[in-house]
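Enquirer: One-letter residues, chain by chain:
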Amino acid sequence: MRLIPKEIESLWTLFTAPTIWALHFLACYITAAIHCAKADAAASLGTTRLVLGIITVAALTGIALSAYLAWRQWGFGSGDPPHDEPTRRDRLLFQGFATLLLSGLSFVAVLFVAVPLVFIGACQP
Amino acid sequence: MTDTAELSSEERGAQEAELREVWRTPSGWRYWTSVNNSDIGLWYGSAAFLFMLFAGVLALLVRVQLAVPDNDFLSADTFNQAFTLHGTVMMFLFAVPIFEAVAIFLLPSMLGARELPFPRLSAFGFWSFALGGVFVCGSILFGAAPNTGWFMYPPLATDKEYSGIGADIWLLGLSFIEVASIAAAVELIVGIMKCRAPGMRINMMPLFAWYLLIVAGMILFAFPPLIAGDILFEMERMFGWPFFDAARGGDPLLWQHLFWIFGHPEVYIIFLPAIALMAMIAPTFAQRPIVGYSWIVLAAVGTGFLSFGLWVHHMFTTGLPQISLAFFSAASEAVAIPTGVQIFVFIATMLAGRVIFSVPMLFGAGGLAIFVIGGLTGVMVALVPVDWQAHDTYFIVAHLHYVLIGGMLFPVVAGIYYYYPLLNARKLSDRLGKIAFWLMFIGFNVAFFPMHLAGLRGMPRRVFTYPADIGWDWFNLISTIGAFIFAAGVTIVVVDVLRPKHRQPKEEQNPWNAGTLEWISEPEEKWGVRSIPIIRSRYPIWDQPGLVEDIKAGRYYLPDAKDGARETLVTSVLDAEPLQCLRVGGTSVLSILAAFSLGGVFIALTFHWWIVTAACAVITLVAIVAWLWTGTAVIPRDEMRDVGLGKTLPLYMSGPQSVGWWAMFITMAGDGTAYASLIFGYFFYWTIHNDFTGGHAGPGLLWPLAAAGLFTLAWLAMLLARRVNGGDRPALTRLLLLLSLLLTLAAGGAGLAGPYFAGMDPTVHVYPAIVWVVTLWTVVHGGVGIVMQLYCLTRSLAGRMDRHHDMDLRNVVLYWHFLVITAITSFGVLGLFPELR
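For the protein sequence lines, the chains are A and B, in the order given.
Using the numbering used here, you'd call the opening residue of the first sequence number 105 and step up by one each time.
Using the numbering used here, you'd call the opening residue of the second sequence number 744 and step up by one each time.
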């Protein structure tokens, strides 16, 4: 079994990191919403925060992996943009570079969404 | 050149005559049956623009009423109708459709295609939109327009005494238009992915296409929640199912969630295509390729995703837990990153080239300046404490107009000035354009900047008048004056577009010296491109010398129309290698008939004319079946087609290779999103109540599980039918289709039996109501599945479907994959969840 997946050629790999962001966002929102709806308003978020913290770390790891795969597809930075030659190679490099950029944005966006977990300890402080 | 073919002038003339005949737009009244993208795009754009002018007049009425304190120019009720319709029309009948119009008009030639893959679907979308739009707009002439704000919040909008028939007109009229948007999304996604010219790999795609691809994807996930919300809303208004009635276990907040899950992405659905126009215009006037192509792709995709995590920032004052508010606040701040990236890319492109400040550039740059101000106030109100202060004040009115007019209207006007030569080979006036720009730019700021201050002084939105002594009068008077200056600018644009230009000499074909392919299209010819070129650059007109001449001389693919059919090429998603010669639908009255009869369904529903509704529904079904029967999956006389340059391509493809399969997949992704929204509703009620059944009996275990099981068996029979058909055993295929049909009937019956035998009354409490809605949704989808099975059966009997030509069957099986997931989820949740909790 290999740890790092083989390179696949698909348009969909572009959307990996933002999809992880979306899943992480939904996990945070839904978990907290259910917790706060089912517990009373002043209840501490307690373990929910811990669970969401773990989910955040998992999401960041996933995005980092996606970034690594993108970096590999980008030839580890061997060529510079704009990648506008009519060749399969440039198309691959473009995909890799765009995916890498999106991984960066998604990483930052996950961190943004995780910040409230650090500072807000109850549903309605 | 080795990859072009040389023809004699007679051959060329013969080809051109063939093509002209095949792509001819009919004359007389039949002109309106045209489905050609250039006609549909033009009608779509003109209609959207007319609706915009109408909504603009409403805005001026609103501004006149507010110009001075204690004014009685409009009554309170007319005022409510005017601002509601202003917002509704601008958002649903102008901002979204205008981009669909531009895309339908421009995309084929920009991608080097003759047509989009489903021209009749475009026509259907246009007629749906036009009819729905006239219906919604016309209501104000009868004093029956919606009057509860463009977001229709219950309980105000569910109060029949207050809102009258207006709310129904809004819900049904706009649901109908949403159908048109989803149709456009399907068309655009398949067109961009599958119909690009050979060689146009995804790293060569024009940025406009990238943006449109993302936007069409967003429509697919943003509009369906609103459709689900509309269904719940109409069920409450028509039959008293209490989804939003707190007294019977419902919750008005669910509507706000569903509305804004649509409503916030909508802002970006509007903004991204407009900025896409800028991504085409800026390189032309900087006379260099865009700086940071990949960064634009990052921004488009990133914004597309993040925009779905913002909806609660419209609900910061509804009392949600602060941790929830904080998540949405964080995401709202994060979306500023990709938005900013685009602005910097444009600035960098302009800095790197030598900018020609023409009229399109003026509108583009002016619009961006306005948009940046709106973006900055957006960052402010994304902070929860600021929003608590600013919510529902004129500060928000100012913010949203800065965003929408700067981010959308100005770039669209830039687009009109830029692309007008594609319509009739002449430019609009430079002088009028500049006057219009300065009037609009100054008028806009005079009108909307004071609203920030009025808002900070506490002026609430939607008030029809105000007293003299509270410090709002001057701001309002200035705003009104600005609004009229702005309107004068818009009027000049209209005059410039409409004034006769036959005395003006024709320009050359590409008057701005642009580099992208849309400039190869000839205004006089309807065939889109004379021959489909091989693309080797992001800016082929700049970088491929002789390209335009070679295209016009028919030296590339598909220079003829031998079989008298409208044809374009289908290519692979990543590298755009030619795969198929696709025959697309031609002129037809069927798409108009389908749109008008479907419109009849929605309009008759508004007035509770049940028999007319049923009659229109039957006509719709007949029209759609006739459309499919005559226009899709046609078995070609020859299997292969010589497309020129020594290449021969198949004419028929089925399964994931075919455009029809993609269209089904995309439609069902949207359908699945609407369904997911209903399930979200089910669990939403569970979260807000201690006992969400309210003590009412559920559908039990037996019937739901039986229904899930039967649906699964029906699906297995469909899988088997596809397999057997592939083995060339038509009799057994038909038998299996029949078996699956019977199983589906039984499954639907079992599904309905659960709530029916439990005596669940959907009007007493929200629990039975949501159970019924989920059940009905699933059973109706089963019914559609039955229609599809009957269709396949008939196709097989009529000899229009065999082992090699199985597109119908494969697409129907794809539908069934989605159906079986829906059925198992529905009946699993309805049966098991009440037991588990």
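Keep in mind the hints are simulated off the structure, nothing from the lab.
Since the structure is predicted, the reported quantities are computational estimates derived from the model, not experimental observations.
You may find that some hints are simply not true.
Facing chain A, from chain B, some residues (calculated, C-beta under 7 Å) [what the hints assert, rightly or not]: (1) L1041; (2) V1044; (3) T1373; (4) V1377; (5) T1430.
Cβ pair distances, simulated, as ranges [claimed, not checked]: (6) W175(A) with N1167(B): 48 to 54 Å; (7) V1361(B) with K110(A): 41 to 47 Å; (8) L127(A) with E754(B): 54 to 60 Å; (9) L1579(B) with W175(A): 40 to 46 Å.
A virtual CB, placed ideally from N, CA and C, is assigned to each residue, including glycine.
Enquirer: Does each hint fit the structure? Answer for all of them.
Expert: Do the hints match the structure? See the list:
1. Because the smallest distance between the Cβ of L1041(B) and any Cβ of chain A comes to about 4 Å, under 7 Å, the interface hint for this residue holds.
2. The restraint placing V1044(B) at the interface with chain A holds, with a minimum CB-CB distance near 6 Å, inside the 7 Å limit.
3. The interface hint given for T1373(B) is broken, as the beta carbon of that residue sits about 33 Å from the closest beta carbon of chain A, more than 7 Å.
4. The restraint placing V1377(B) at the interface with chain A is violated, with a minimum CB-CB distance near 29 Å, outside the 7 Å limit.
5. Against a cut-off of 7 Å between C-beta atoms, the interface hint on T1430(B) holds, since the closest Cβ of chain A lies about 4 Å away.
6. With their beta carbons about 50 Å apart, W175(A) and N1167(B) fall inside the hinted range of 48 to 54 Å.
7. Under the hint 41 to 47 Å, the C-beta atoms of V1361(B) and K110(A), about 53 Å apart, miss the expected range.
8. For L127(A) and E754(B), the hinted distance range of 54 to 60 Å is satisfied, since their beta carbons lie about 58 Å from each other.
9. For L1579(B) paired with W175(A), a C-beta distance near 44 Å keeps the hint of 40 to 46 Å intact.
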